[in-house]
Amino acid sequence: MRVGIGYDVHKLVNGRKLILGGVHIPYEKGLLGHSDADVLIHAIMDSILGASALGDIGKHFPDTKEEYNGIDSLKLLKEVSKLIMEKNFKIVNIDSIIIAQSPKMAPYIETMKANISNILGIHANQVNIKATTEEGLGFTGRREGIAAQSICMIEE
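Numbering-wise, the sequence shown is residues 0 to 155 according to numbering that gives the first Met the number 0.
Since the hints were derived computationally from the structure, they do not count as laboratory data. Yeah, the Cβ is synthetic: ideal placement off N, Cα and C, and Gly gets one too. Some hints here could point you the wrong way.
[Stated by the list, open to error] The list that follows gives simulated cross-link-like pairs (lysine-lysine, DSSO-like), each with its CA atoms no further than 27 Å apart:
| # | residue 1 | residue 2 |
| --- | --- | --- |
| 1 | K58 | K81 |
| 2 | K16 | K103 |
| 3 | K16 | K64 |
| 4 | K103 | K81 |
| 5 | K89 | K28 |
| 6 | K16 | K89 |
| 7 | K89 | K77 |
[As the list claims (entries may be wrong)] Pairwise CB distance ranges (calculated):
| # | residue 1 | residue 2 | range |
| --- | --- | --- | --- |
| 8 | M0 | S101 | 31 to 39 Å |
| 9 | G120 | A52 | 18 to 26 Å |
| 10 | G69 | K103 | 21 to 29 Å |
| 11 | E155 | S101 | 38 to 46 Å |
| 12 | K81 | R141 | 36 to 44 Å |
| 13 | K86 | R141 | 37 to 45 Å |
| 14 | E85 | R141 | 23 to 31 Å |
| 15 | G135 | G14 | 36 to 44 Å |
| 16 | R141 | K74 | 30 to 38 Å |
With the hints as constraints, model all of the structure from the sequences given.
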C-alpha cells in the first residue's frame, strides 16, 4: 500500500466559470488558472501522483504549455490514470475535501464522485468528497479563493 496527498488553491475572479469535480456550479465567480482551475481534480491528481512517486501535476502538465490553456481537468485526470496503470498501480480509495465559504457544494458532490470514479475506472464508493467552510476565516472564508485537499491510497 502507498499513500499520497494533494493540495491545490485558486483565486476566485469574475468572468470565469466555477468548475469543481468536473461540474459547472452556478456562481458569480470562477477560479483563475491556466486550465479550468478545478482545485478538486488538481488535488486528487497530485495525491495519485504522490502515491505513485510520479511527481506532481506541474511536472506532467506545466502551465507554460499552451496545450493546457483552458483544458478540462478531467482530461488531465484521465492522463494521470493512464500513467499509474502503466506502473501497475490500482487505486484503493480517494478521500478529499473542498474548502470554500460558498457556494454550497452538497448538491453537486454525487455528480463529482461519479465524474471522478468514471474517469479513473473505479467504483463511486472508492471516492469520498467532503466540503467545509472556514467560518469566515482566511482567504477561503473571505471568498477570495477555494482550496482542496486529497489523500489517495494505491496498491500494486
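Here is how each hint holds up against the structure:
1. K58 / K81: holds, 15 Å
2. K16 / K103: holds, 16 Å
3. K16 / K64: holds, 21 Å
4. K103 / K81: violated, 32 Å
5. K89 / K28: violated, 36 Å
6. K16 / K89: violated, 32 Å
7. K89 / K77: holds, 14 Å
8. M0 / S101: 31 to 39 Å: Given range 31 to 39 Å: holds, Cβ gap about 37 Å.
9. G120 / A52: 18 to 26 Å: Once the Cβ atoms are compared, 21 Å apart, the range 18 to 26 Å for A52 and G120 holds.
10. G69 / K103: 21 to 29 Å: holds, 26 Å
11. E155 / S101: 38 to 46 Å: holds, 41 Å
12. K81 / R141: 36 to 44 Å: holds, 38 Å
13. K86 / R141: 37 to 45 Å: Once the Cβ atoms are compared, 41 Å apart, the range 37 to 45 Å for R141 and K86 holds.
14. E85 / R141: 23 to 31 Å: violated, 42 Å
15. G135 / G14: 36 to 44 Å: violated, 25 Å
16. R141 / K74: 30 to 38 Å: Holds - the Cβ-Cβ distance for R141 and K74, about 31 Å, lies within 30 to 38 Å.
Hint check: violations occur at hints 4, 5, 6, 14 and 15; the rest are consistent with the structure.
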